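*Asks:* Okay, here's what each chain looks like letter by letter:
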Amino acid sequence: MTIALEGVGLTHPGGFQALRQLTLQISSGERVAVIGPSGAGKTTLLQLLGTGLMPSAGQLHLLGDDPARLQARGLKRLRTRIGLIHQSPPLPPRQRVITAVLAGRLGSWSLSRALVSLCYPLDIPGARAMLEPLDLDDKLFVRCDQLSGGQLQRVGIARVLYQRADLLLADEPVSAMDPVLADHTLALLNRIAADRGVTLVASLHAVDLALRHFQRIIGLRDGNVLFDRPSAQVSDDDLSALYANQSLAEQGHEVVRPARPAGLGAGTGILRTAPRCL
Amino acid sequence: MSKRLEALLWVMALIAALVASFSYLEMDLAGLFRSDSATQMLGYTQAFFPPDLSSGWLRQIFHGALETLAISAIGTLLAGLSGAALSLLAAGRLGRLAKASSRLLLNTLRSVPELVWAALMVLAAGLGPFAGTLAIALHTTGVLGRLFAEALENVPTAPAKALRDSGAGPVAAFLYGTFPGVLPQWVAYSLYRWENNIRMAAVLGFVGAGGLGQMLYVTLSLFQQPQAISVIIAMLLMVLLVDALSAWLRIRLA
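Going line by line, the protein sequences match chains B and S.
The UniProt record's numbering puts the first residue of the first sequence at 1, with every later residue one more than the last.
The UniProt record's numbering puts the first residue of the second sequence at 1, with every later residue one more than the last.
Hints were generated in silico from the structure; no laboratory data involved.
Note that the structure is a prediction, hence the values are computed from the model and not measured.
Idealized CB from N, CA, C, for every residue including glycine.
It is possible that part of the hints are untrue.
Short, incomplete list of chain S residues facing chain B, as computed with Cβ under 8 Å [unchecked claim]:
id, residue
1, S166
2, A168
3, G169
4, P184
Between the sequences and the hints, there should be enough to build the whole structure, so can you do that?
*Replies:* Here is the structure:
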């Protein structure tokens, strides 16, 4: 079992509960898409799986380890086996593409190797091999601030592919790409994951892309799993229930706000609310 | 009405302070405009001309200018290195105690002017360029350390965090994630301080810390005005040249 969540909850420092009582299993080599409306907790879930966040409740197992119980050294080793593709790749604007890609393997490189590679890139063929299928090998020595959003996303993908992680996570990896490129990139990610036999978990906004490229779909809403089934079995009802929450949420607000009697005069209403605003 | 009275009182107090300052300093301003003062000034100015352009003196000036350049360059380089090290502490990367103590150190280094450092260093290290270099390095460390730390605090943290999350060690994550973000600012600050330090290095010689300033001080003390004016012209040329060079470099780096 690559990923196992047992009643995992996550509450952000501000008190916002992003994930509640999540129970999930993803086996080795599975390719899973996480879909759901904005604010459903997709990014939080991926950060949790990438050990960038620790669960505030429940049990989390990643590649056979419990990250919350690991010592610094063990956590570092686990982290080199997990690669997270960010929606907007956090690359320094002045860094060259080659350096940004090679940084993917810093976890397994010695410090002296990292230092030398900073001055003179040590594995140019390796980086080129990752950028080539993404159609970016001509940008190898270009600075990151000269790339478009879609190109930058592909550099981020190339870095994580270069890392050779056992667990590939992708947070909206194609959000800045045109439809054709997005399709091509997702197909590539899936093919590489299948070739390497690694697990792939990606969050996506585009439902059609998720259904087309992934074997299994997890629908996330308000920090809960709404459905979790093979993509062939995802019905239109599932999807409308997943995304029809805009009007529902507004109704819900009306229901949980009963302390505003309709008969009250406007003047008193203002008097009552004004001090609270200040 | 009372406001006007108050304003009037303030003006009177200012005038009184000015008059008191003049009488305390015993300044003889009228002396500037006496009948023979113009001819005296002209005579003193004429003593500077023509400038001494003999090849021997020019060679000495050239060596002095090189010494001034070297003092400012090495001083700024040392300050850049130690400022970078201290800025890591001052930006709170290694705990709160280190942050507080390094800030105190940087503030102390910065609040003592270069000339005072030079006077102290001449006592500690003896007359000559070494004292000047140390003086510039000490003051500039305080300035650059503070500026570098501010750049470190404002740089985005996401790149380094992403590298840590993929297993990179803290030093590697800093070098690949944070350093590229601060380096352009660090270089720009260092160049600007170097420009200031060249001017300062030309003056430091007055307290015996080497370079063109020391030549100027010696020639003026020995009433060798033609030699002194060549040194002054050399200083002017050097500062103009460095200003132009540094402006060009900063435009290229931006």
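*Asks:* Could you run down the list of hints and mark each one as holding or not?
*Replies:* Outcome of the hint check:
no.: 1; hint: S166; verdict: 6 Å, holds
no.: 2; hint: A168; verdict: 4 Å, holds
no.: 3; hint: G169; verdict: 7 Å, holds
no.: 4; hint: P184; verdict: 6 Å, holds
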